[in-house]
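2 protein chains.
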Amino acid sequence: MKILIKNIAEIYSSDSKVKKNQFILIEDQIIKKIDSMAKIDQIKDYDHLIDAQDKIVLPGFINTHTHVAMTMMRGYADDMPLDRWLQDKIWPFESKINSDDIYWGTALGLIEMIESGTTAFSDMYFSMDRVADLVEKSGLRACLAEGLIEVNDGQKGFDKALDFALNYNQRAEGRISTMLAPHAPYTCGKDYLQKIKRAAQEHDLGVHIHLSESKKEVNDFLNKYQKSPVKYLDDFNFFDNHILAAHCVHLEPGDLEILKKNNIQVAHNPISNGKLANGIAPISDYLKNNINVSIGTDGVSSNNNLDMLEEAKMASYLQKIKYEDPTAMDTQTILEILTINGATALNLDNLALIKPGYKADLQLIDIKKDSFFYPHHNNLSNLFYAAKASSVETVIVNGKIIMEDRELKTLDKEKIYYEAEKRSLAISKQIK
Amino acid sequence: MKILIKNIAEIYSSDSKVKKNQFILIEDQIIKKIDSMAKIDQIKDYDHLIDAQDKIVLPGFINTHTHVAMTMMRGYADDMPLDRWLQDKIWPFESKINSDDIYWGTALGLIEMIESGTTAFSDMYFSMDRVADLVEKSGLRACLAEGLIEVNDGQKGFDKALDFALNYNQRAEGRISTMLAPHAPYTCGKDYLQKIKRAAQEHDLGVHIHLSESKKEVNDFLNKYQKSPVKYLDDFNFFDNHILAAHCVHLEPGDLEILKKNNIQVAHNPISNGKLANGIAPISDYLKNNINVSIGTDGVSSNNNLDMLEEAKMASYLQKIKYEDPTAMDTQTILEILTINGATALNLDNLALIKPGYKADLQLIDIKKDSFFYPHHNNLSNLFYAAKASSVETVIVNGKIIMEDRELKTLDKEKIYYEAEKRSLAISKQIK
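Chains as they are written, first to last, in the UniProt record's numbering: chain L, 1 to 432; chain H, 1 to 432.
The reader is advised that the hints may include incorrect statements.
Claimed, not checked - A short, non-exhaustive set of chain H residues, derived as facing chain L with CB atoms under 8 Å:
id, residue
1, M72
2, L108
3, E115
4, P253
5, G254
6, L276
7, N305
8, Y317
9, T327
10, S424
11, I431
Claimed, not checked - Think about it this way: if two alpha-carbon atoms lie no more than 20 Å apart in a straight line, the pair counts; the simulated SDA-like pairs of lysine to any residue are:
id, chain 1, residue 1, chain 2, residue 2
12, H, K89, L, H377
13, L, K415, H, H377
14, H, K415, H, N98
Quick caveat, the hints were computed from the structure, so don't treat them as lab data. Since this is a predicted model, take the numbers as computed values, not measurements. Quick reminder that beta carbons are idealized off the backbone N, C-alpha and C, glycines included.
Could you build all of it, start to finish, from the sequences and the hints given here?
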């Protein structure tokens, strides 16, 4: 399958300056050629033509930390103290979810991700075989991992998670990759974490974990072990693997050096850290130290959506607030952390640049339809600081169009709305 | 003109609990009747029918601090140190703007405001007679004031501003109100401020001013006068008038009591305070002290849009961060600060509640179209924490439909896009 995208107003890719008036030729799963429209006549052979007049092209966004099935908890619990939020709302709800609920809750989240320009995501939850079915069906790219909480999952959960990671890796034409995912150092004991670490090393799997999310977590470790969670994990060489660490909001002295030394991949969740009042992560310090930072939305229950453009603006403005510096995190940096840094975080090669030889995961954004794109001084600024996801017109993943002119090509929206709504409201009724 | 809105899924108004399955009858400029759909048969006489099936109704949002014409500077200057942002970008651009530019730049902003559910705004800028023409034409409600910077405007500017305030008050079927607007205590001297204060008292006009926006402003006052800007103004009784004070980010001890004692109307600009790295205003403390807080977007050049839903989420999550408390600013509080508190800030009666006898300024929001409204556990949470402005379907101001099913009824979008773009790019070329 060859797709020709012509008349592209501008291409943004973090490896190069903006290119104007271009075409892109996609062949099967790969970006084959990018050139000026002056040379379009060279391209005679293609199966599908997209006219990108008045549109810009960017790599698809990569959401590196989420729990997509939790989309079914949107609006179910807000503005609550963390302990009541978890104990009275989130945990009781989760205790009643079955694998079909996870399927439909995830499907609802995938609609939102596609419609807001996300082409790949890293998910940590349960019944990941059902999530994998949806990744297969939707056409998205994903890094999937069964979440492990020792007291709930134990040896059986570990075996299931490892089995999933080994069996599902590289499925769906290579769009699925897998990791192991111990929930956090405070929900998994040292022995359990070491077992996970050894399995990850043996099978060359990455590890996805929550780390230093709240002050309480850090203080609990300081009280119990006289060291931070970061130091605690480092002391038994947990970081020897490829580590995707979500949050990393609260650091103790020496922690940053540990993250840097171990090439930890930080998944920053600015909106979740806001909703749950955890604070603002020291992202500018990470970036200055060449620690790779990407962005996650976290689950919808702590956000309340999966919109990477909202994260982009929030991330930038929160860094400006934290460092009292309006130059903190500019649009070029945002582009990197939403795209190429996400690919690095998920350990995926040849992804997230608009470049020949790279995977064809990209989005077309309409810059003439909506008032928030006018005037056109700087389309990247307009996209990250002014626009809404509704300007995302067309989404291509692995060389396949999964949304065109805002019409979803792989998912049945009405059916998913119906099932996710029905199941979610039924569960909440059981709890009340 | 009588408009009947039937089948409303839910009505949100900060004076009452959510009402389900309702109709609203609007007669001329006023909400005449609200009742259950069971009683719709009583209503035989109407000119226009709106079916609000799958829609919720809220009062229109009130943006209490903006400079709408600056929409023409969107994306023109971002991520820069404040002094270079002003001296190299904003001021040179503003020095080249004429009143036609202001007209078209403002028109561009009005499109965005209507499309995101804003029905009233408080504007401080130049050539306000041209802005008033657009308020008249667009059907929006606005509180307008000529901004005064002493060194630029002097006596002549003061005369013009007062003349405008007296002549334009209550124009456009009463949709226009006016204030006097000295820019800030650091750009207007004490004598000039006292002259403005006396004129405001004499003519019963409110005063719109920037106050305690940056640390630098406060520190400069402490160095020069050994008191904060708030204390400085209070010491010559500047606050005797109805005062709309934008920002109020940085307080010195005693300032909060002065704001409270003088019933200062705080216009909170969370996103602008983020972009310009000014910090997070102590809004929770204001609310605890019964200081009236409303929300402004500020100008687009320091935002970069006019979307009150973005402000809502940012405001709530920033307060949670500042106070390390996830219960800080819940959805009911957000509803108040976006609606009724805005009416109070602008000194407008019978506005911003969905209540018989109140002005018919309201919006219909589609809760079934977009994935981010699913599932429907809590539509107010979904609106403020998950939705995008694209869900706003219909906007009514003063009993007149100005957008219906997302079609603008009063403004020519294509013409405005064309003019605003052309003028804005031409100005930026002159500067380079």
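Results of checking the hints against the structure:
A least Cβ separation of about 6 Å between H:M72 and chain L falls short of the 8 Å threshold, and the interface hint therefore holds. Evaluation of the H:L108 hint against chain L yields a held restraint, the C-beta minimum of about 6 Å falling below 8 Å. Taking 8 Å as the C-beta cut-off, the interface hint given for H:E115 holds, the closest approach to chain L being about 7 Å. Given the 8 Å rule on beta carbons, the hint for H:P253 is violated: about 21 Å separates it from the nearest Cβ of chain L.
The interface hint given for H:G254 is broken, as the beta carbon of that residue sits about 24 Å from the closest beta carbon of chain L, more than 8 Å. With 8 Å as the threshold, the beta carbon of H:L276 comes within range of chain L, its nearest partner Cβ sitting at about 6 Å, so the hint holds. With 8 Å as the threshold, the beta carbon of H:N305 comes within range of chain L, its nearest partner Cβ sitting at about 4 Å, so the hint holds. Proximity of H:Y317 to chain L holds as hinted, the smallest CB-CB distance being about 3 Å (cut-off 8 Å).
Given hint, H:T327 at the interface with chain L, holds; its Cβ is 5 Å from that chain's nearest Cβ, closer than 8 Å. Given hint, H:S424 at the interface with chain L, holds; its Cβ is 4 Å from that chain's nearest Cβ, closer than 8 Å. Of the supplied interface hints, the one on H:I431 is violated, with its beta-carbon coming no nearer than about 11 Å to a beta-carbon of chain L, more than 8 Å. With a CA separation close to 12 Å, the supplied pair H:K89 and L:H377 stays within the 20 Å bound.
Between L:K415 and H:H377 the alpha-carbon distance is near 19 Å, which keeps this suggested pair within the 20 Å criterion. About 18 Å separates the Cα atoms of H:K415 and H:N98, which keeps this hinted pair within 20 Å; it holds.
The structure fails hints 4, 5 and 11 (numbered hints given earlier, in ascending order).
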